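Going by the numbering used here, the first residue of the sequence shown is number 1, and it counts up by one from there.
Please keep in mind that the hints were generated in silico from the structure rather than gathered at the bench. From a predicted model like this one, the values you see are computed outputs, not experimental measurements. Be a bit skeptical, because a hint or two may be false.
To be verified - Listed next, with one range per pair, are the computed distances between beta-carbon atoms:
hint: 1; residue 1: Glu295; residue 2: Lys254; range: 45 to 55 Å
hint: 2; residue 1: Asp113; residue 2: Glu249; range: 45 to 55 Å
hint: 3; residue 1: Gly361; residue 2: Ser418; range: 43 to 53 Å
What the hints assert, rightly or not - In silico lysine-lysine, BS3-like type, Cα no more than 27 Å apart, as pairs:
hint: 4; residue 1: Lys204; residue 2: Lys253
hint: 5; residue 1: Lys76; residue 2: Lys48
hint: 6; residue 1: Lys274; residue 2: Lys253
hint: 7; residue 1: Lys435; residue 2: Lys204
hint: 8; residue 1: Lys218; residue 2: Lys274
hint: 9; residue 1: Lys76; residue 2: Lys54
hint: 10; residue 1: Lys260; residue 2: Lys277
hint: 11; residue 1: Lys300; residue 2: Lys218
hint: 12; residue 1: Lys218; residue 2: Lys277
hint: 13; residue 1: Lys300; residue 2: Lys277
The C-beta atom is built at its ideal place from N, Cα and C for all residues, glycine as well.
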Amino acid sequence: MFVLLLLFVLFITGTESCGLVENKSEQRLAKIYCGVCHQVPDPGSLTKAVWRDKIMPRMSGYYNWTKVSRFKYANKGMFQQPGSIPMSDTTWAELQQYFVSGGLDEPVVRIYDDLPVQDYLQVKQIRDLCSGRGITAVAIDEKNRNIISACDRQLLRISSEGLLLNSLDTEGLISGIFPIDSVFAYILDPGILDPHNGTMGALKIWNRITNSLETIQKGLERPVHLVRRDQDIFISEFGDQTGGLGQLELKEKKYLSASKLPGAYKSFVFDYDKNGKEEIIVMFAQAMEGVYVREVDATKRNFRPLLSFGPEWGISDLDTTDVNHDGWTDLVVVNGDNADFSIIPKAYHGVRVYLNNQNGGYEEAYSFPMHGASQVRTLDANGDGFDDLLVGAYFAEDDNDRLLLLLHNGNSEEVGYSPQRIAAANAGRWMVINKGDVDGDGDLDAVIGSFVISKNGSDVNKNGVAGQTNLLLLLNKSK
């Protein structure tokens, strides 16, 4: 699956008009003027400089200014009127005072320089597969015991020894690969990799015998993930400021909107509350960011939040496991998308484990700070029966911290993890991770793809570098 580099807009267009504000307290103003579209950020989550020079100017363009402003940046968008919420200099000055004065003087940076290097997963570097922007999707094909990856407009099949078996020119880009059986696989085409709200994406099916692609559904808004449940396919459309969760009914050949919440990224289907009915758990990473739930068949009901996060937290990925072996499915979340307008180290970025409280909710049981955490997969690396956490950090401060293995302490009563580094973590910029049993020995392995961009995050390395590592294959040695 592909984690797209996003320019998150922390404050997007309002959908309701607020009228006059009677309570002029700065905190109440922030709730009214910022809480319409997303959770109100904590001023202490960013620095004073970022609030003043980055966020406030960007935020100003999403209001309907009543007259020419003394804040010069606000006048640039005055006549565009993208939002319906009225704004004046008096209100804006109070909002700026609230956020800027409450901001940090300097960002908090955490560096881990004394971590051991793990020896549970054998690391293989696979080089020179692609010369473009990098790997945009990976999957492990368990039926055929090989790796599938996407680079530019190509699908690549690679052996577990790292040898290129064959390739297919796809014409379109690829943001997701989902094997169905030994012959077919679903392929997601986002249309354009970079942030957009266009409906140029598509769901395709790949026949690996004929090595051909067939389009099943067009008009998707930057799709990045799918999950199939019986005769329905739920597709996460990330979009940019919009997107949503779509539902393809295969028998009726209808495509419906399951949720219009923007930024759908990943979903799971299981009976999370053990009421005998399956639910769909969805991670949304735009606007009201968080993890949401709805019974699969309750099509007339809205999704309700299980976990909520502010926009600066940058929720990036989600996986499931039974952390404490109580028979209930728990959640592992990483926060660390740092490609927005506040590109500074954030101490609250990292990995969090949420235990199912067996009463319809989830409660945080463990957290590990990790700058720029972007991907997570649960797998048992040491064979002790407890799932460990394989975490990638695209925006790591230290190149050696781009990949970490958090080893479960084996205690179901008091959950904890020991962080270990992974050799060759600094050999690439790890955008995508997936898991599966590639060698058929009964345990889960992992494949990790690199998507390299320049230091400043703007100029893409389009030519690649000779000898560049494109994939890491982590072979589990527990069995």
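Taking the hints in turn, this is what the structure says about them:
1. Between glutamate 295 and lysine 254 the beta carbons are some 20 Å apart, a value that contradicts the proposed interval 45 to 55 Å.
2. The hint said 45 to 55 Å for the Cβ distance between aspartate 113 and glutamate 249, and at roughly 53 Å that hint holds.
3. Range check, glycine 361 to serine 418: Cβ separation about 28 Å, and the 43 to 53 Å hint is violated.
4. At most 27 Å may separate the alpha-carbon atoms for a hinted pair to count; lysine 204 and lysine 253 meet this at roughly 14 Å.
5. Distance restraint check for lysine 76 and lysine 48: the Cα-Cα separation of roughly 23 Å lies within the 27 Å cut-off, and the hinted pair is therefore satisfied.
6. Distance hint between lysine 274 and lysine 253 is unfulfilled; the C-alpha atoms sit about 31 Å from each other, more than 27 Å.
7. Distance hint between lysine 435 and lysine 204 is fulfilled; the C-alpha atoms sit about 22 Å from each other, no more than 27 Å.
8. Proximity of lysine 218 to lysine 274 is assessed by CA-CA distance (about 36 Å); at most 27 Å being required, the pair is judged violated.
9. Using a Cα cut-off of 27 Å, the hinted pair lysine 76 and lysine 54 holds, with the two alpha carbons roughly 15 Å apart.
10. Simply put, lysine 260 and lysine 277 have alpha-carbon atoms about 23 Å apart, close enough for the 27 Å limit, and the pair holds.
11. Straight-line distance between C-alpha atoms of lysine 300 and lysine 218 comes to about 25 Å, which keeps the hinted pair within the 27 Å bound.
12. A distance of roughly 31 Å separates the Cα atoms of lysine 218 and lysine 277; the hinted pair therefore is violated under the 27 Å criterion.
13. Using a Cα cut-off of 27 Å, the hinted pair lysine 300 and lysine 277 holds, with the two alpha carbons roughly 16 Å apart.
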